[in-house]
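Please construct the entire structure, taking both the sequences and the accompanying hints into account.
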Amino acid sequence: MDSKMKTSRRTFLKGSVALAGGSVAGAAAANEADPLITEVQDWASTTGAGVDETPYGMPISFEKDVVRRNVEWLTASPISSINFTPIHALDGTITPQGCAFERHHSGAIELRKEDFRLMVNGLVDTPLVFSYQDLERFPRENHVYFCECAANTGMEWAGAQLNGAQFTHGMIHNMEYTGVPLRTLLNEAGLSPAGDLTDKWVYVEGADASSNGRSIPMEKALDDVLVAFKANGEALRMEHGYPVRLVVPGWEGNMWVKWLRRIEVTDAAVGSREETSKYTDVYEDGTARKWTWVMDAKSVITSPSPQMPVSHAPGPMVISGLAWSGHGKITRVDVSRDGGITWQKARLGKQGDSKALTRFYLDGDWDGSAMLLQSRAMDETGYVQPTKQQLRESRGENSVYHNNCIQTWYVDENGVVENVEVS
Amino acid sequence: MSKSLSQIVLPVAGGTALALSVALVVANLDYGQNKISSLEGRLEQASVRADDAAGKAREEAAVTAELEAKIAEIQADARVRAASNSGLTEYAPNKESGYGLGRKARTEEIAAWDIDVLPDGRGLPQGRGDVFTGEEVFAEKCASCHGDFAEGVDNWPVLAGGFDTLADKDPVKTVGSYWPHLSTVWDYVHRSMPFGEAQTLTPDETYAIVAYILYSNDLVDDEFELSHENFSDFEMYNKVGFLIDDRPEREYAKWSNDPCMENCKPSVEITMRATFLDVTPENGGESVMNDAKADDTPTFVAKAATPDATGGGAEAAATKSPAVDPALLASGEKVFKKCKACHAVGEGAKNKSGPQLNGLIGRPMGAVEGFKYSRVFVAAHGEGRIWDETALTEFLAKPKSYMKGTKMSFSGLKKEEDLAAIKAYLKSFGE
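Protein sequence lines, in the order shown, are assigned to chains A and B. The first sequence runs 0 to 422 under numbering that gives the first Met the number 0. The second sequence runs 0 to 430 under numbering that gives the first Met the number 0.
In short, the hints are calculated from the structure, not lab data. Warning: the hint list may mix true and false statements.
[Unchecked claim] Distance condition first, Cα-Cα at most 16 Å in a straight line; then the derived EDC-like pairs of lysine to aspartate or glutamate: (1) B:Lys140 with B:Glu150; (2) A:Lys289 with B:Asp244; (3) B:Lys397 with A:Glu392; (4) A:Lys112 with A:Glu135; (5) B:Lys103 with A:Asp133.
Set out below in structure tokens:
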């Protein structure tokens, strides 16, 4: 990325290729010596900031655009709303907590570790109450998982709506969690009243005013669900459920209850608001689908994208994006430059982790002509990310949630990028 | 001692059953450290005895050497297993008998927090409330967001009405039209509402509010009283409207084929642009409506490569003088067999139970003389709608949803290649 400093921009406009994206190509074409090199710069002469100037470091001011953003007209109030991760500006796979999307139903609360209580009750031998410190004394694990809101890409069902990967696909983040397996806590309380565990459920709820509650089938609860208290090595942020949240790998974000306060073993799904009136998918004929927990394989090109126009001249170009699947590992991602007529296999940044974001790259030359960029993810079950047409054919257009369609970006000759739909 | 050491089997990680793998991990972790500790104990004893009894020194020295060799072996093995990631890094152990952490929850603590209500009514406290009381409580505590008649203010949820909209593109999902369980309404109102004052409503107030919401949906009359006694008798309008996730059957098998890599479609065009242009300036984003007209889409010229004889895809007849791929036409003719019973195309084609299809692309909808169209096509004709490629594609993919009320009893073409083929075929019968 070129520097945004005005002096350097002025200097370089001359003799460089300026594109519609508003950026400037590098110094390669300069016809005269580069003053950034030939002249002693301030930062090379005077001293910089001392240690402790920022006890907890923040991104440098030049990166102030890399922030969460809200789409105000989507919801009635920011207290019960969602914002979006700036995925267009990130690389790699781990989402820094400070720019990972937020979704609250009654606002983010401040709950001290000392005031934290976690109750396990219902069909258990001994109903228990744990303190925060108790949780840190159980054997714990570390895992990287993506958390995707079921409504991610939901605005795009009816057609191309929002211009930016942040807005179309930013209800997702990917962190390394530290926590205690939920099965350890259930074992601690004892599950003998739940019998052979068939058709048993675990109902989880938060301590905030919305008290978001969801029913999780026992099989999943005993599999890979974590009661997490750290993310990316540090305490959870308030907005992500400090001090303790649930991590439900591969399943819709609404089930990842924040400020976790209660775990109840039941013999039926509770049928809470969040699992009946919301997070259910209406088909074309008006019937709805419930218990659609798993997030199917999906991908999106993050750069170029509408907020990340091509700011360089034709020639070498990196196309990059993210892929993920709630069913396991991403095994392959294909990229098309012509709207899906021809496809090329992309390079995976590293071997996919199960139920975690995988970074992909397509390295090549841009010839300066317009492109219709698409990406298509495949996971270890053999599932191939569907087109918008396939999804609509299967479900109609009444849905809000679980839109994992192939996204199309139109890149014009100037490098400007727009969200479009294609035939 | 040495015998028993050599008999220890080194477990391999990745056992299928979780319990097994947990047990193995415990064994793995304990194995190295425990053995080293006990061997070190033996070492100490051996050296003490060697000092005391010179006669046994040589013997004990031999034992010492043996034990030291074993320690080295165990340490080497632990290093190998750590390096190969086997067992040592997998799951946290889980003690079957528990860890003795946490304390017993008291009955009144459980009563305070365990207030959820199940669909069969379990969890409901005793109480009652009627529509009349509910209207008053609702006006005071709920109407500022949900409206006096539960119609919703601004973007806040609409609670009433919306019946018969669930099959629309923007279904109005209210308590009346959509929610399957009455328990959900009671539970949510009681636990999470009013917004900003959650858990302040008494059970009686909650019964009254729920009764009023049912009334505002015309589901009960104004004399209605809801109580823990008649609660489970009430059946919601959309009780049977939900299926359990059927994606595995409906989609997964169909969408798990080896994907196409070349000539996947004959051509591509932009059909829609983003409605909102989200500018991303330095101090945040701003949504502005895209004022581009629907027909003002950028043109993108991309076509599949000219196919070889086997013909995976084909160049569409997208231009005025196309070199239409014979293979595509042939498959179009095949697809047209599904239409033949009702439609004719070609020289001298006449109307059958469906209109003749000559010159279809570009012709006005509902325009064939002498054919008795359904009302929806008469209306389309009146609006001047034209059969262009997009319209035809959408119609043929889902006739009944694209033209609600059409008499054509065809369920639609599911495959994109069939749609492309039929379009190419029909196009070949221009005027």
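Verification of the supplied hints:
no.: 1; hint: B:Lys140 with B:Glu150; in the structure: holds (15 Å)
no.: 2; hint: A:Lys289 with B:Asp244; in the structure: holds (6 Å)
no.: 3; hint: B:Lys397 with A:Glu392; in the structure: holds (8 Å)
no.: 4; hint: A:Lys112 with A:Glu135; in the structure: holds (11 Å)
no.: 5; hint: B:Lys103 with A:Asp133; in the structure: holds (13 Å)
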